[in-house]
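**Q** In case you want the letters, here they are:
2 protein chains.
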Amino acid sequence: MTKPEELHPDDVQHHLKEVQDLLARQKVVEDLVHRQDMPRHQLVESLVHKQHEAALRAKLESLHPADIAYVLEALPLTERLYAWDLVKAERDGEILLEVSDAVRESLIETMAPAELKAAAESLDADELADLAPDLPPEVIEDVFQSLDSEGREQLRAAMSYPEDSVGALMDFDMVTVREDVTLEVVLRYLRLFDELPDHTDKLFVIDRDDHLKGILSLESLLINDPETLVADVMRKEAVISFTPEDEADDAAQAFERYDLVSAPVIDTEKRLIGRVTVAEVVDYIREESEAEILSHAGLREEEDIFASVWDSVKNRWAWLAINLVTAFVASRVIGLFEDSIERLVALAALMPIVAGIGGNSGNQTVTMIVRAIAMGQVEPSAMTRLLRKELGVALINGLVWGGLLGVLAWWLYGNVELGLVMTGAMTLNLLLAACAGVLVPMVRQRLGADPALGGSVMITALTDSGGFFIFLGLATLILL
Amino acid sequence: MTKPEELHPDDVQHHLKEVQDLLARQKVVEDLVHRQDMPRHQLVESLVHKQHEAALRAKLESLHPADIAYVLEALPLTERLYAWDLVKAERDGEILLEVSDAVRESLIETMAPAELKAAAESLDADELADLAPDLPPEVIEDVFQSLDSEGREQLRAAMSYPEDSVGALMDFDMVTVREDVTLEVVLRYLRLFDELPDHTDKLFVIDRDDHLKGILSLESLLINDPETLVADVMRKEAVISFTPEDEADDAAQAFERYDLVSAPVIDTEKRLIGRVTVAEVVDYIREESEAEILSHAGLREEEDIFASVWDSVKNRWAWLAINLVTAFVASRVIGLFEDSIERLVALAALMPIVAGIGGNSGNQTVTMIVRAIAMGQVEPSAMTRLLRKELGVALINGLVWGGLLGVLAWWLYGNVELGLVMTGAMTLNLLLAACAGVLVPMVRQRLGADPALGGSVMITALTDSGGFFIFLGLATLILL
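Residue numbers (the numbering used here), protein chains in the order written: chain C, 1 to 480; chain V, 1001 to 1480.
Next up, chain C with everything else stripped away, as it sits in the complex (with noise of 0.2 angstroms):
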């Protein structure tokens, strides 16, 4: 694998200045010719122009992958294409890898099925697994016919586990040695690699039908005599490994415990068929963050900030229209109390308090629950109690701000019963935005469903139609 040439972190924004400025100065020659229009500048241009491109070029060639997918994201389309034509084509494919999904779409919309094939075949087969969604199914084929039995065989293997099991993060690439040799046999035997694959910081000890008998760290080998046998100094018990089928966030949590880097993946009869890599893992965790943090926005995956409108708005409006709905049925629950609000028009201005603070309130508690639940240290048993403190909570933040609340109303409108009952519907819509927020993640657990998936849209929903009927309702029963 390539470095970077330098020695800092953030260099990379200036890799992105650096490029931004090429591509800037270009254009202004160009802009310049064209606008002087004068065909025999037109030498010029081009000479000026190829110079650019081969500095552009350069500095390309010597950025990492990743720093390119990081300076390609930051780029507007055009200049986007622009630099990556300028890519080495044999780097394209470790490129595609490192990209977000928004942006890898729009550079494969410009690839020719050659291209992308090229690009297909430098990858290794676990790589190639998550390329594979995002490319024509012809240009997959092509692949799979060119690869040997072993590869397709891996190939096949690594698409078929869903996107969130071990076996999606897994790799095929390790050194796996006997437990009857010595430690100096290990030595010899790793000499003769050229290169060790990434992230290895353990070997997998094997039998002759490739059972995972233990795992031999670097460590053990390097500080135990080399005349030591392998299965003197192996590990045999606590050996952490999963199964393809294992989930993905389970094994993240076990790297992030246990602090792997490296872990073997075995199939139901402890035969070694991989391995799972901190690197993998480390994307996978941030991934799986950042996809929380848009779904709470509601926007349904990480969007190219330069994609165009129509993208923009085909991401994001799911999310417009559930909420549209929800905002409508609440809008009718207020139109239930159209006489109310005609006989006291304060109600209207009063109203949107309770239903947002109870929205807010709901949200804190609904965020805790699922976050507990998803780290498994919530038992079913233990509803009883959480419920009991939200709702202590949300008695205590009722009758606090309702409080405060209700004497503002009382000063505003020189009415002591409105006050009264706005202290009373805030407690209330408080009381049930924590009775929602715990038991809408805990019962969707129950019935096996995702406890986090649209609770903060269910809460909201539930305080806003619940906090306007119970407010215009007590207002209409104790003050009309």
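If you are wondering where the hints come from, they were derived from the structure by calculation, not from laboratory data.
As a list, the in silico DSS-like pairs of lysine-lysine whose alpha-carbon atoms are at most 25 angstroms apart:
#1 C:K17 x C:K59
#2 C:K389 x V:K1027
#3 V:K1017 x V:K1050
#4 C:K236 x V:K1059
#5 V:K1017 x C:K389
#6 C:K389 x V:K1314
#7 V:K1050 x V:K1088
#8 C:K17 x C:K88
#9 V:K1213 x V:K1236
#10 C:K314 x V:K1389
#11 V:K1027 x V:K1059
#12 V:K1389 x C:K27
#13 C:K59 x V:K1236
#14 C:K17 x V:K1389
#15 V:K1236 x V:K1270
#16 V:K1059 x V:K1017
#17 C:K236 x C:K270
#18 C:K17 x C:K50
#19 C:K88 x C:K59
#20 C:K213 x C:K270
Selected chain V positions facing chain C (in silico; Cβ < 8 angstroms):
#21 D1259
#22 G1298
#23 I1334
#24 T1367
Quantities reported herein were computed from a predicted structural model and do not represent experimental measurements. Backbone N, C-alpha and C fix where the C-beta goes; we use that ideal spot for every residue, glycine too.
Given chain C, work out where chain V should sit, using these hints.
**A** Frame of chain C, contents of chain V only:
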């Protein structure tokens, strides 16, 4: 480091279940004997109790510190403290490092200064620095006195770096070698170790004055001829290193981008002072994304789900208070138009839709812009371009969804003009949301402030008050 005794990643949940069962069985016995109120049964109780206690102690002893931390977090306070008492004192330090802040507080509260001192003394300087903010000052002082001068120096250094700097992630545990020896000498030197520091994937090559000359990866050490000189196979260029003052976030991005396992930390004169490992980086990434998700929901920090009602109220009040103020302002905006609402009460039912959808749409925009800024991929000069795009998206959404709502309003209230006002107000509020979503984070960035902070609250405040003002204002102008 001890390792868990099993093979499967979600076994930690089974451990939790086992501990909970043991605790429950104990409780059943206690309850039974107490309820029957028979003093002569106390002997039986104490016997059974002892038996369960021994089983629990053995169970806890078999677990990895991270797993004990996980179990403690999932237990309600009394059970948690009971289990904590059974944990061997020499493991206290490691476990305190692993638990969440809130749970750590609950454990430290119950420990005597002598226990805390013993726990702290079992840790390395960098670990101690992480724990220090939660320890009473007299304990820190005691521990500090007990260190040797190198330890004191390291602790002082580790504690001096701000939380989000590379210095805070750094440890001092590393293997250094000289460049003028052969690999054979290095191999023999490593055999003198009982163990290598965790995550040793490379050795640091330094001169007599600690200047970093290069790095020798274990890979190079293993694949090259033992007669080779370190100087000939070490990497001198393209070494990614950090200074303690670098931002932790930049380091995390570099680890992710370049798939690092460890990296040297150097001072301004290129002297080696420590290293950062991927384990710390993974923890950092996870904590940062947790903090972001929690702060989106207005939770100040990760909450102990079994915290007292009072602690929860403290964790959540600030966000509710801010939202109360913005909701109150929005309510006063409505107050300005009470006459209009009195004359056309349908306005009261429709206005929350305009405000709500504006908020949703604004949050989509701000989330996307903040993420792009955080990655350093948005130049200030890109503002116009982004603004144009977001306004385009808002215009389409406004006309589509606003148009739909306009038709609904027309149909519900039989008033064409009301429908037109609805469509107009929706479109204008979405345009307002788009402007705010782009400008708020970008202006904050230009002013040197954190672009993410409070963006969502500010946008929602704007689209609420703005939405009410636009809708009611338009209605007053056109309809009344």
